[in-house]
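Novice: Here is what each chain is made of, one letter per residue.
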Amino acid sequence: MADPKHWLRSGFALFFEYNTPRIVHIRSKKVGIINRFLQLVIISYIAVYAIYYKKGYQEFDDVQSAVTTKVKGIVFSNYSHIPEIGMRTWDVADYVIPPQENSAFFVMTNVIPTLGQTQSMCSEDPTIKNIKCENDDYCERLKGTIMPGGNGPLTGKCVNSTGALKVCEIYGWCPVENGSPYKNLTQPILAGSQNFTVFIKNNIEFPKFDVRRRNILDLYENDTDFGNCRWNRNDSKGKFCPIFVLNDIAKDAGVNYDDLTLQGGVMQIIIDWTCNLDQSVDNCLPEYSFRRLDRGDYVISRGFNFRYADKFAVKENNTFVQYRNLYKATGIVFVVTVQGKAGKFSFFPLVINIGSGLAMLALATIACDIIVLYLLKARNFYRDKKYLDVQGQDAFRILEEESPQDRMEGSSSSIKKRNVTHSYDGNLEGDGTDT
Amino acid sequence: MADPKHWLRSGFALFFEYNTPRIVHIRSKKVGIINRFLQLVIISYIAVYAIYYKKGYQEFDDVQSAVTTKVKGIVFSNYSHIPEIGMRTWDVADYVIPPQENSAFFVMTNVIPTLGQTQSMCSEDPTIKNIKCENDDYCERLKGTIMPGGNGPLTGKCVNSTGALKVCEIYGWCPVENGSPYKNLTQPILAGSQNFTVFIKNNIEFPKFDVRRRNILDLYENDTDFGNCRWNRNDSKGKFCPIFVLNDIAKDAGVNYDDLTLQGGVMQIIIDWTCNLDQSVDNCLPEYSFRRLDRGDYVISRGFNFRYADKFAVKENNTFVQYRNLYKATGIVFVVTVQGKAGKFSFFPLVINIGSGLAMLALATIACDIIVLYLLKARNFYRDKKYLDVQGQDAFRILEEESPQDRMEGSSSSIKKRNVTHSYDGNLEGDGTDT
Amino acid sequence: MADPKHWLRSGFALFFEYNTPRIVHIRSKKVGIINRFLQLVIISYIAVYAIYYKKGYQEFDDVQSAVTTKVKGIVFSNYSHIPEIGMRTWDVADYVIPPQENSAFFVMTNVIPTLGQTQSMCSEDPTIKNIKCENDDYCERLKGTIMPGGNGPLTGKCVNSTGALKVCEIYGWCPVENGSPYKNLTQPILAGSQNFTVFIKNNIEFPKFDVRRRNILDLYENDTDFGNCRWNRNDSKGKFCPIFVLNDIAKDAGVNYDDLTLQGGVMQIIIDWTCNLDQSVDNCLPEYSFRRLDRGDYVISRGFNFRYADKFAVKENNTFVQYRNLYKATGIVFVVTVQGKAGKFSFFPLVINIGSGLAMLALATIACDIIVLYLLKARNFYRDKKYLDVQGQDAFRILEEESPQDRMEGSSSSIKKRNVTHSYDGNLEGDGTDT
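Protein chains in written order, with the numbering used here: chain A, 13 to 447; chain B, 13 to 447; chain C, 13 to 447.
To be clear, the hints were calculated from the coordinates, so they are not data collected in a lab.
A portion of the hints provided could be inaccurate.
[Stated by the list, open to error] List time: in silico BS3-like cross-link candidates among lysine-lysine, alpha-carbon distance up to 27 Å: (1) A:Lys-327 - B:Lys-141; (2) A:Lys-213 - C:Lys-340; (3) B:Lys-141 - C:Lys-82; (4) C:Lys-195 - A:Lys-213; (5) B:Lys-263 - B:Lys-213; (6) B:Lys-144 - B:Lys-340.
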């Protein structure tokens with residue numbers, strides 16, 4: 013028994029063994045059909061959904077992307093009654109702020125300029141709360157305070173504002189912004205911006221597969237041919253053109269461009285690169301979609317605007333005096349989002365998907381077992397075949413040993429015998445000593 | 013045998029069959045309790061962790077987001093001993109640089125202006141290494157060189173700097189920046205920026221579920237009511253207010269705002285939208301948290317600053333002379349990160365989670381098998397019941413056929429018989445010819 | 013039978029039971045070896061690939077990151093034949109536009125300035141299509157039109173352009189940009205930008221593990237020592253230096269820096285933090301890599317450029333006249349991408365990986381079953397051992413009851429008996445009434 017040769021052989025024997033579950037092979041039309049149907053559902057799910065539809069045979073890589081944008085377009089505005097604007101031509105360097113942004117660009121559509129501000133004293137914005145005064149006493153008490161929404165600390169004086177109105181004086185960038193001439197405008201200052209075009213240059217890479225693509229396809233003979241194309245969802249060539257008319261972007265997103273211009277808004281441009289690299293890389297093509305990211309139907313806090321200033325100095329009496337032109341710029345932010353992934357055949361995910369699919373086949377067996385063992389009239393017959401009832405020494409006996417008999421009443425004698433045969437008898441245990 | 017009718021029927025028969033494993037049903041208190049306990053652990057894990065806690069019954073979608081920010085606030089500074097600053101009111105157009113950024117904003121808190129620089133000749137910054145000179149000879153030898161950290165190529169002349177110091181002359185933007193008057197300032201130039209507010213407008217979408225939300229809730233009656241709210245973590249209404257006082261952001265991140273202003277820093281504002289769309293969409297609410305992204309406790313390279321310039325020309329003797337105002341701006345970058353996902357009930361992930369859970373139940377059986385077959389005193393009795401020992405023709409026989417006998421000694425005769433019965437005898441194989 | 017005591021005991025009994033599949037234990041060298049080999053493959057896959065290589069024993073967290081950049085460098089350009097440029101020193105505030113960007117920076121390498129533009133009338137760009145005229149008649153007909161690619165609406169006049177050429181006059185920012193003096197330049201205006209350095213400050217956090225790191229390591233004694241380091245892939249200390257020479261970035265990406273400067277380009281700087289937090293956190297170090305994101309080998313739309321303007325006003329006859337300097341800036345966009353994840357030991361993923369591994373072991377059994385039951389000569393012998401053939405009442409009978417006999421011909425009588433014994437006889441079902 014302690015023979016080392018014996019143990020060696022026993023160890024070797026382990027390599028030449030193989031365990032497989034014993035199976036009850038039930039021939040039954042009813043259960044068979046249910047079983048095959050459930051198996052079909054599971055196999056379909058694996059094959060169609062997990063492997064075919066979700067491309068379970070591929071490994072994937074996310075896109076790495078670079079986006080640069082270039083807006084083009086000129087508008088002319090003529091507002092003789094607003095001297096700050098007057099007769100003006102606006103170009104890219106005027107309305108794209110900042111001039112270069114990572115994966116985004118802003119197009120100014122409306123503007124309230126306040127030209128020639130300098131640090132000095134002037135009347136505060138009369139629309140500010142509690143700023144009206146009748147004499148210096150009121151303002152003197154608030155001296156040094158910056159009113160909520162105000163433009164600078166009060167100097168303590170009460171001065172004339174527009175008309176007969178008197179307001180407290182401030183020290184700050186003067187004169188303060190005055191939006192009233194722009195209140196009743198029915199169209200934005202930069203009317204015509206819907207015809208601006210933006211060229212979105214997008215270079216992508218799937219590093220894992222070493223595939224590089226760009227959104228300028230080889231459909232164009234030369235720069236002129238290319239420069240004349242415009243994106244158009246319904247045209248087989250046009251839908252790959254990376255030059256977009258701003259109005260087309262709005263229309264495709266289901267937005268009225270004019271709703272964006274007076275109050276501003278945020279649009280998203282999505283470039284989707286979903287590529288199946290098992291096919292030719294030439295089929296790896298971008299798809300464009302557009303969406304308004306802020307909703308326009310709010311009363312509170314609509315649109316998008318911000319203030320910026322151009323600063324400069326002017327030499328007066330041989331010293332520099334600092335000035336600035338303040339602009340309240342309203343417009344559309346376009347955010348460019350590049351998404352996508354590429355898939356390519358790989359052995360590992362396929363094996364894993366098939367493996368987990370086979371594991372799920374056990375579910376069909378479980379469902380059929382429930383039917384066979386609990387629902388069919390012949391359930392006790394099948395239970396007998398499936399189960400080998402073994403009574404351990406410490407079995408929990410139901411109703412003092414009569415229960416097994418009870419449960420089996422009416423079954424064949426061979427079944428009764430089974431229960432008897434397999435009850436564990438402590439005396440059998442003598443062989444436990446040899447290990 | 014080759015009867016096609018037979019084969020057809022055999023094929024049909026396949027659809028009316030069903031295989032289920034034969035099971036040894038062991039009645040034993042000890043093993044039963046272990047078994048049920050392990051099953052309970054696994055089922056709890058599936059039900060509580062994978063399905064309930066990790067929401068295994070939902071499919072998920074990531075958030076699509078747009079962020080725009082608007083800072084408000086005015087500070088007044090009065091530095092009579094620094095003429096470049098003097099008496100000044102600073103507003104948004106002065107301290108937010110660039111005026112509009114995608115998902116981020118910078119608030120300048122400290123500044124070193126150098127006004128009226130023009131391309132000309134002047135003395136180099138005296139703090140630069142090896143720049144001091146006694147006469148032109150030294151500089152002449154370095155003519156054309158740009159010193160490390162210098163502001164332009166040396167002209168070759170040695171000129172007067174501050175005090176009795178002589179340094180080499182450069183050609184470039186002159187005069188060069190001089191930070192010395194700002195060295196001993198104990199508070200930043202824009203003191204009071206902690207009271208600035210920022211309104212963060214965040215519109216999100218879960219495209220898969222077609223759910224759009226924004227962080228301005230319907231808690232407010234009108235613009236004024238809304239405009240007066242301030243974010244406050246401890247207030248049931250205030251914690252949804254998207255207007256933040258900069259100091260509150262710092263406090264909530266556990267940072268002293270004053271630590272950020274003199275040297276600058278980087279703060280992150282996280283907006284988290286974790287939504288359970290099985291509930292009302294009104295419960296899909298943002299949660300705000302804040303964090304300092306750079307650490308302030310470093311000696312090397314603390315804080316955040318950059319240089320920018322306002323450029324302009326001045327007409328002198330009817331020609332334009334180009335000037336610029338250079339600013340070394342120190343301040344706080346706020347980066348807004350929107351994260352979140354939404355979950356909604358879906359059949360597929362639930363099925364997959366239940367399926368993989370059932371597969372894991374096999375682990376309980378494996379553990380119990382180890383106990384029953386290797387650890388219990390009655391292990392040989394159970395082994396007999398579980399295993400049907402089959403000797404293939406090419407079985408690896410341990411110690412020339414006596415070993416199986418040996419192993420079984422002491423077991424009942426029926427067990428010995430089992431080993432004998434199932435040895436494979438080549439003669440049985442006659443039926444192999446019919447396939 | 014309806015005794016509640018009986019049911020209670022039956023319910024209890026459920027807790028003291030344990031089911032385990034009955035197993036056919038086949039001793040066969042051939043099948044055993046195949047079985048063990050397949051098990052080895054699966055266990056290796058689990059242990060080596062899923063657990064060791066893919067770190068299946070860890071839970072992961074994605075990196076949260078903040079990036080700030082600081083470019084340094086001065087170039088001097090001397091173009092006596094281009095008065096707009098002339099003799100000039102360029103510093104950071106001149107060539108980094110905008111001065112501060114979130115995770116990106118732009119370095120201008122080439123520029124076409126158009127100084128002193130003002131809103132007025134001048135001759136249109138002669139390179140524009142259909143702009144040439146002989147007299148006012150042609151232009152008059154187009155009055156108010158903005159030509160494609162033009163700079164403003166036509167005034168209707170035909171005026172002198174360069175040389176003997178006559179073109180229509182426009183109203184807009186005048187004079188218009190004239191790129192012709194820059195056409196034949198063989199090197200960029202800002203020659204020498206390859207020596208600029210950029211200091212990329214990157215602070216990261218793995219929030220789940222509360223680990224914060226930054227890319228300035230404790231390798232440097234003081235600011236001077238640190239400031240003198242330069243990134244170098246091949247140096248054990250230098251590869252962690254976060255100060256990069258632009259030319260080194262290009263070289264490491266396999267790009268000739270000079271290819272980027274004349275036409276511009278887009279580079280990506282990838283900072284990878286892949287950290288195993290089971291090891292010391294000091295081993296959590298950044299790795300830098302570089303890549304050109306746009307390809308330079310295109311005819312159509314090469315490089316990267318944009319236009320921006322500095323705006324200012326000049327006092328002429330005591331009123332402000334608005335001017336601007338327009339710049340067409342060409343250069344390199346550097347996009348900084350921070351990626352990475354940290355892993356740390358966790359119990360749950362380990363359990364799940366082991367569990368799914370054990371489930372996959374069933375695949376070895378399936379494969380061996382196919383061999384044993386369908387391919388081996390002794391297949392029928394093994395089938396008999398594995399399968400218990402049970403005929404349900406509604407079994408699909410192949411060739412009227414002779415088929416099972418037929419199929420079993422040549423097998424031992426005990427096998428024949430099996431088929432007979434287990435056919436379901438409706439009379440057996442009497443016990444079905446007790447539930």
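Novice: Going through the earlier hints one by one, which of them does the structure break, listed in rising order?
Specialist: 1
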